[in-house]
Amino acid sequence: MKIINPLIIVLVLVALAYFGVKAGLTALFGVVIPYIAIVIFLLGFIYKVIGWAKSPVPFRIPTTCGQEKSLPWIKQNKLDNPSSTLGVVIRMALEIFLFRSLFRNTKAEVYEGAKLKYGSNKWLWLGGIVFHWSFLIILVRHSRLFLEPIPGFITFLEKADSFMQVGVPLFYMTDAGILAAVTYLFLRRVVEPQIKYLSMPADYFPLYLILSIAITGVLMRYFIRVDVVNIKALARGLVTFQPTIPDGIGVLFYIHLFLVSVLAIYFPFSKLMHLGGVFLSPTRNLANNNRAVRHINPWNPDIKIRTYEEYEDEFREHMKKVGLPVDKE
Amino acid sequence: MYDAGKIITGLVIFVGIVTYPIWGSLGGSVNMPEPVVNKSGTCVESAEYMRANHMQILDEWRDSVVRDNDRVYTSQQYGTKFDKSLSTTGKTSCTSCHSNKEEFCDACHDYTAVAPYCWECHIEPKEEI
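Taken in sequence, the protein lines are chains A and B.
Just so it is clear: in the first sequence, position 102 is 102 by the working numbering, and no numbers are missing.
Just so it is clear: in the second sequence, position 84 is 84 by the working numbering, and no numbers are missing.
Hints in this document: simulated from the structure, not taken from any laboratory.
One thing to keep in mind: the hints can contain errors.
Stated by the list, open to error - In silico DSSO-like cross-links for lysine-lysine, where the CA-CA straight-line distance does not exceed 27 Å:
#1 B:K101 / A:K159
#2 B:K6 / A:K54
#3 A:K122 / A:K196
Turn these sequences into a full structure, and let the hints guide you.
Structure representation (structure tokens):
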């Protein structure tokens, strides 16, 4: 059920766009929903990040994987246990661009009855990195449909991505990358019993949604072709606030656009927010300087401290009367 | 809010990048290109079909001419026969009607950042002086 239901939702969304556009609601699916989607995406994103920023992190809690900075003759592992901002920045960059912590992923396996064996498992890292980089490159590439004139680095990215010069229009490597990677990430959740047990509809839904977006995009480029000039005119109309709905754009485009809009609306309220969350992970973005720097708990109550001197000043005469010793005469 | 300076800077950068197409196009317009055909009449297929599929037709033509010496294309919509030729001088070819590369091909290709490699082998049609 938890595998099938999200698929049904995505299929319903596809049907919604298909019949909606067939019924002539092109302005709704081509202009109104994309505008709503981008506004919800941005406001939701900011709301979420501000919400996280309001949570105090009273103590440094980085996950450390190496020797902490200690005595000068003990070698510190500066990358896995950073004590400075520079170390944290390098650690975060490796995490964000190369998924370094996922690269250390291990697999536990039981063999010969009762023996437990740990091994390296790089497949999830490979699937993850192919997926994320493909998605990013595809996303950046799409800006050719929004920008006029088109900046040089986008044309360069296009050239690099279609470097193989296979077919016409040129085949993009990232298209194959994202389809293969999402398929792997999906099969992994279905085939491996432990991961299947852990997986929730919130895991399957984005996979189905992204897979549908990729499939409709690939179909439009290589199989059921659509008129790209009209699509760019529509996209330009959106970004210049002069919305136009050119005639003769295939229904496939509206399905693609609607699914992307749904993804954008869903994004801030889902697990996909790890896009923003990775930057705010206290287990990654803090230097391990608990011993070197005093960290004060921000919710400590403001305690009024009374020193012995103040106490003695108040009661000095009484103390003298009963013969108690005092510091000051 | 903790680390407000860093977080707000990050958010501003993020929103700036996401909305770049909007503020980068301020004062811009749709700029829909209008490719110029130098001779009226019908193409090998309907205009809508050609707009979406011309690259595939050209690709198939190239392969069938070079590999199978099959030089005649029969229009699926009109039934008329055409030479499978992009730019042969003296015969009917694509460039007989679409003779100005800048005003025809490049109008849309530049608009959508498409850089086909036709003219790496073929000679570009030159306007008669």
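Status of each hint after checking the structure:
Our distance criterion of 27 Å between C-alpha atoms is met by K101 (chain B) and K159 (chain A), whose separation comes to about 21 Å. With a C-alpha separation of about 13 Å, the suggested pair K6 (chain B) and K54 (chain A) falls inside the 27 Å cut-off, and the hint holds. Proximity of K122 (chain A) to K196 (chain A) is assessed by CA-CA distance (about 19 Å); at most 27 Å being required, the pair is judged to hold.
Against the hints set out earlier in the document, no violation occurs for any number.
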